[in-house]
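**Student:** To convert, note that position 19 of the sequence shown is 19 in our numbering; the numbers rise steadily by one, no gaps.
Hints were generated in silico from the structure; no laboratory data involved. Misleading hints may appear alongside valid ones.
What the hints assert, rightly or not - Straight-line distance between alpha carbons at most 27 Å, and here's what the computed BS3-like set of lysine-lysine pairs gives: (1) K318 to K407; (2) K407 to K361; (3) K214 to K194.
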Amino acid sequence: MRGWGKKGWVLAIDVGTQSVKALVFDREGNTLAAARRAYGPTVSGRPGLAEQDPQVFWDAMGEAVREIGKTSGEVLAKVDTVSLTTQRDTCVLLDGEGKVLRPAISWADQRTVPRHKPVPWPYVLGTALTGMWPVVKTMSRHCHAHWIQEREPEVWKRTHRFLLLSGYFNFRMTGRFLDCPANQVGHIPFNYRKFRWESPWGLKAWVFQIPREKLCRLVEPGVPIGPLLPSVAGELGLPPGVLVHAAGSDKGCETLGVGCLEEGRAAVSLGTSATIQTTAGRYYETERFIPPFPAVVPGSYNPEVQVYRGYWMLSWFKGEFAREEVGEARRLGIAPEELLNRRLAEVGPGSGGLVLQPYWKPALKRPESKGTILGFSDHHTRFHLYRAILEGIGFALLEGMKKMERKSGVRIREIRLSGGGSQSGEICQITADIFGLPVVRIQTAEAAALGAAVAAYAAKGDFASYGEAVEAMVHVRDVFQPDPANARLYASLYRKVYRKVYGRVGPLCRALDAILPAMGPEGER
Numbered sequence: 001m002r003g004w005g006k007k008g009w010v011l012a013i014d015v016g017t018q019s020v021k022a023l024v025f026d027r028e029g030n031t032l033a034a035a036r037r038a039y040g041p042t043v044s045g046r047p048g049l050a051e052q053d054p055q056v057f058w059d060a061m062g063e064a065v066r067e068i069g070k071t072s073g074e075v076l077a078k079v080d081t082v083s084l085t086t087q088r089d090t091c092v093l094l095d096g097e098g099k100v101l102r103p104a105i106s107w108a109d110q111r112t113v114p115r116h117k118p119v120p121w122p123y124v125l126g127t128a129l130t131g132m133w134p135v136v137k138t139m140s141r142h143c144h145a146h147w148i149q150e151r152e153p154e155v156w157k158r159t160h161r162f163l164l165l166s167g168y169f170n171f172r173m174t175g176r177f178l179d180c181p182a183n184q185v186g187h188i189p190f191n192y193r194k195f196r197w198e199s200p201w202g203l204k205a206w207v208f209q210i211p212r213e214k215l216c217r218l219v220e221p222g223v224p225i226g227p228l229l230p231s232v233a234g235e236l237g238l239p240p241g242v243l244v245h246a247a248g249s250d251k252g253c254e255t256l257g258v259g260c261l262e263e264g265r266a267a268v269s270l271g272t273s274a275t276i277q278t279t280a281g282r283y284y285e286t287e288r289f290i291p292p293f294p295a296v297v298p299g300s301y302n303p304e305v306q307v308y309r310g311y312w313m314l315s316w317f318k319g320e321f322a323r324e325e326v327g328e329a330r331r332l333g334i335a336p337e338e339l340l341n342r343r344l345a346e347v348g349p350g351s352g353g354l355v356l357q358p359y360w361k362p363a364l365k366r367p368e369s370k371g372t373i374l375g376f377s378d379h380h381t382r383f384h385l386y387r388a389i390l391e392g393i394g395f396a397l398l399e400g401m402k403k404m405e406r407k408s409g410v411r412i413r414e415i416r417l418s419g420g421g422s423q424s425g426e427i428c429q430i431t432a433d434i435f436g437l438p439v440v441r442i443q444t445a446e447a448a449a450l451g452a453a454v455a456a457y458a459a460k461g462d463f464a465s466y467g468e469a470v471e472a473m474v475h476v477r478d479v480f481q482p483d484p485a486n487a488r489l490y491a492s493l494y495r496k497v498y499r500k501v502y503g504r505v506g507p508l509c510r511a512l513d514a515i516l517p518a519m520g521p522e523g524e525r
């Protein structure tokens with residue numbers, strides 16, 4: 001591989017939904033220093049809205065890096081590359097002077113516009129014939145840019161650049177409006193097959209109507225964004241000459257960070273949003289017209305299935321049903337999940353007959369879907385519900401894996417786990433039992449940051465390939481083998497119950513919406 005000759009260490013920065021993490025990795029994947037800064041939840045004055053001042057993300061990043069400087073200054077002094085990964089589909093608007101025009105709209109935001117943008121009739125006809133016209137309309141109505149165009153036209157008129165969060169950080173760090181294809185995941189006019197902005201007459205240019213001149217330029221994977229501005233280097237305590245590398249989205253970096261470079265190995269991320277991804281050398285759609293995303297590895301794709309609310313549901317559960325455990329955990333100085341997970345064994349596989357479908361937010365291809373819990377009886381407790389949530393997310397991801405196998409023709413043999421849920425041995429075992437496959441954890445819980453570091457070391461020439469970088473830097477910590485009896489039970493529940501629930505309740509959900517329309521993000525019905 002062509003590198004850029006730097007031989008120092010990599011500082012990986014992971015800008016997530018709840019916190020920023022800064023970690024320095026060496027060429028063997030060892031964590032030399034680390035710091036984390038949490039920020040409050042996204043600001044939301046009304047139900048369904050999720051916004052955050054971009055400066056909050058930037059300040060948290062600076063605090064985390066400076067903490068490393070205080071505790072491990074000698075480590076920071078040897079850094080030659082900053083490799084950045086961020087949450088997906090969070091947009092920032094800048095004016096002609098590079099100033100933020102309004103709060104960033106988060107990926108978790110649910111606002112929509114009343115009507116989709118006009119689309120030429122050949123596209124309407126083509127998508128209608130394939131049954132995808134409702135999806136096209138839904139995607140257009142959910143585009144953050146369209147909401148701003150309609151509700152805040154003066155802001156849109158002043159918008160010089162419409163950036164994803166990755167592009168905003170690249171600009172703040174280097175002064176350049178640049179980004180890489182592996183970050184382009186969102187409601188934007190991007191051609192996922194060709195790794196470039198959509199042509200003016202392409203379908204996505206009509207579905208997501210953002211003028212090309214407002215978008216940033218894309219650099220080839222592995223090409224640095226540029227040198228860190230001297231003022232920023234001084235602010236962060238980094239040596240002069242440090243280069244900034246845009247690794248890719250957080251989920252894409254997690255997939256690389258757990259060592260998934262082939263289709264027979266799947267990366268399952270148990271985060272705020274839960275996903276299952278593989279890395280493929282060819283373009284294929286797990287669901288029709290839902291594209292695979294650009295992988296961090298150049299020229300590759302990440303086919304994905306997402307459970308939108310994912311492990312956010314555990315936060316919902318804690319707030320509604322586990323205040324006692326939250327208080328006890330605070331007194332003990334541990335995470336509430338640790339107390340809840342201790343109770344999982346008391347419930348057992350199958351949650352005493354509770355089966356849950358985790359559509360607390362509708363799936364794109366199932367817009368009428370809602371969360372469903374089947375099988376309540378008088379012996380159930382909140383701990384049965386807690387386990388049913390974990391199992392329901394697992395079943396939804398298993399359903400996604402089976403779609404991938406059907407589309408790719410490749411059988412998945414192993415699951416690599418990341419995200420907050422992967423820190424629990426109990427959850428790892430449940431996941432192994434549901435999938436009926438070995439579940440592997442790597443040496444660090446910070447898979448996205450490790451993936452960003454792997455990408456940077458490969459790109460700057462420390463390794464001959466991304467595969468060689470993964471071999472050197474990603475290490476198996478432990479493996480959870482499926483329990484045969486539990487795996488048989490889960491396979492039966494999935495096949496005979498879970499898979500059939502949506503088909504049975506879908507018409508009822510549509511009827512429910514007709515009688516009592518869902519509350520929108522603006523508070524209207």
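**Student:** Indicate, hint by hint, whether the structure satisfies it.
**Tutor:** Hint-by-hint comparison with the structure:
| no. | hint | result |
| --- | --- | --- |
| 1 | K318 to K407 | violated, 37 Å |
| 2 | K407 to K361 | holds, 25 Å |
| 3 | K214 to K194 | holds, 20 Å |
Hint check: a violation occurs at hint 1 only; the rest are consistent with the structure.
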